[in-house]
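Please build the complex by placing chain Y on the supplied structure of chain V, with the hints as guidance.
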Amino acid sequence: MTFYEFLERRYDDLITTGLEHMYLVGISVLLSTLIGVLVGVTTYRSERPREIALAVTGSFLTIPSFALFILMIPFFGIGAPPVIVALTMYGLLPIVRNTITGLREVDVATVESAQGMGMGRRQRLLRIELPMAWPVIVAGIRITTLILVGIATIGAIVDGPGYGSFIFDGLARVGSPVAINLVLSGMLGVIVIAILFDSILAVLGKLTTSRGIR
Amino acid sequence: MTATTSTPAPSANTSGSAGGAGPIMIKLEGLGKQYPKEPKPAVDNLTLEIPEGEIVILVGPSGCGKTTTMKMINRIIEPTSGQIILDGEDVTRADPDQLRRKIGYVIQQIGLFPHMTIAENIATVPKLLGWEKKKIDARIDELLETVSMAPETYRNRYPKQLSGGQRQRVGVARALSGDPAVMLMDEPFGAIDPITRDRLQNEFLRLQAEVRKTIVFVTHDIDEAIKMGDRIAILQEGSRIAQYDTPEQILTAPANDFVSDFIGRGASLKRLNLSRVRDMNLTQWPTVSIGDDPARVLDALRASDKGFALVLDEQRRPRRWVSAPDLQRGDNRPLDQIGLPPDATVEPQATLNDALNELITANYSVAIVVDASGAYQGIVDIDSITEAIRTMRTDARARARVGLEADDAAQVG
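Note that the protein sequences, when read in sequence, are chains V and Y. Residues 1 to 214, numbered by the working numbering, are exactly what the first sequence covers, in order. Residues 1001 to 1413, numbered by the working numbering, are exactly what the second sequence covers, in order.
Calculated from the structure, these hints are not laboratory results. Possibly wrong hints are sitting among the right ones.
Covered stretches of chain Y, as calculated for chain V (at least 3 residues, CB under 8 Å) [unchecked claim]:
| # | stretch |
| --- | --- |
| 1 | 1109–1120 |
| 2 | 1146–1160 |
Listed below are the simulated BS3-like cross-link pairs for lysine-lysine, each with C-alpha atoms no more than 30 Å apart in a straight line [stated by the list, open to error]:
| # | chain 1 | residue 1 | chain 2 | residue 2 |
| --- | --- | --- | --- | --- |
| 3 | Y | K1134 | Y | K1102 |
| 4 | Y | K1160 | Y | K1135 |
| 5 | V | K206 | Y | K1160 |
| 6 | V | K206 | Y | K1127 |
The C-beta atom is built at its ideal place from N, Cα and C for all residues, glycine as well.
With the rest of the complex left out, here is chain V (with noise of 0.2 Å):
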């Protein structure tokens, strides 16, 4: 069987997975955009807050894969939610790094100027701030998008829907000649979504920034 035959053969269940695998990912750079802004926006301004946390949202990235996905068992089962945390877990640190860049490159003469015309704390950072930070913020959303769609596959040892499946099942076939197809197409579809949620993003980061800055 050509590897033709097989996408043809497997169409379903491949466009089936790929949604599963883009909701998984979907969900959680959505979770660590959350949380890894308002971590950013509490700790930009002082150097040990933003040390501490550049410092355990890193650690995170240093946890293997493999290990991270099987402590979340006892915790969170298996399936998707395991595979949810962990991915938020890993994808915290590009968006909190580019968080606090993006919002101390903010000039600080535009800063004190709004100060200067009374804006609250509040005012100039929602009005000010965190809209002068977005491209760069942006950028880290989608560095960590790119990362979750790859680590995401790793997900099935947890029984996690997504692309995952299709390269485990491969590793649990070698030697036969459907091993390389699945693995194929598995890496395949990664590549795919990869490529769409960044153009995704890259339009939906320029429709939402201001033309004044671009």
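Then chain Y, alone, in the frame of chain V:
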């Protein structure tokens, strides 16, 4: 008798009171800022009265505390001692955000919001004050007109699409948006090239003549201080007042060596920044209309000793300089195609210094004075400037003599 200071000036004001001025808008009383871990206070017990409707300049060497002083007025920096009285009300402990919405603020970097359009930038304070949208829109257009920027062209542009001078204008428009009684300006023209700066300074003075705001203006440049200020506070380290007086007084009677050193040399040249073209007797020049025939032009040239006639268009705007040889060479071409273009024009509110700068580089060593619509008013030449310097020096000497006589009288009595 012992000479203690180099220039004894009995009338120089070294306190913070604005003698002889109108009602006081801002009063700083014993204001101080002591940063933790610093041996000396940045601002040490400053008392200063700022009269309503005047531009008061805080000027001094860098590190003297002038910017700190200004930023304590809108409490960007919180004072550690003393009081700020704004329009009779103690605002030292008022809500800083409410206070700042009533005070216009322009800083050197301008600090326009890059992600907002010019209209949105200007609308910031009116929105904070909760104005209706209609009123805000009208205000935006009005202010853009005020700073000579066509609303329909600039309303929806972003700051990055403007030149430095235009950004500065928008910065001023934004600071005026909530119609504040008080404006704070921290080196507002500091980051702009010298030629544009001169123009913007003149524009700003013309604007101030209309709006009459109370303005606290920080600069390190004594020439700018003399040009812009109704009153100048020369500050020493710790924001201590070396002299608080009108520019004229400061140039004529520096209170002490610090002030003399700070003014530097050439006080009489600096005085050129105090007089304006509108206060001079303008020299008249032979003028002809753009449609006149050459014979009429030759008549005009013959009737005067100037050698050149100024060609004016229908709106009396200067178009060309022509001389008799130009006419001969011109071979009956229209008057606006021969001779030289008029390259040096100044408006009546320009200072003599501006006029001098212009005429030195001009073709015929004269500066043409035009009104706001560009129509010809007269001429400033080097003779009229020399004459003005002579008059000012005589006046200054006379004033200094008055001080001496008062002193003598006191000693005799």
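Cross-check of the supplied hints:
Counting residues of the stretch 1109–1120 of chain Y whose CB falls under 8 Å from any CB of chain V gives 9; the rule of at least 3 is met. Under a criterion of three residues with beta carbons nearer than 8 Å to beta carbons of chain V, the stated coverage of the stretch 1146–1160 of chain Y is upheld, 3 such residues being counted. A hinted pair counts as satisfied when its Cα atoms are at most 30 Å apart, and K1134/Y with K1102/Y qualifies at roughly 21 Å. Between K1160/Y and K1135/Y the alpha-carbon distance is near 27 Å, which keeps this suggested pair within the 30 Å criterion.
Simply put, K206/V and K1160/Y have alpha-carbon atoms about 17 Å apart, close enough for the 30 Å limit, and the pair holds. About 27 Å separates the Cα atoms of K206/V and K1127/Y, which keeps this hinted pair within 30 Å; it holds.
The structure meets every hint from the earlier list without exception.
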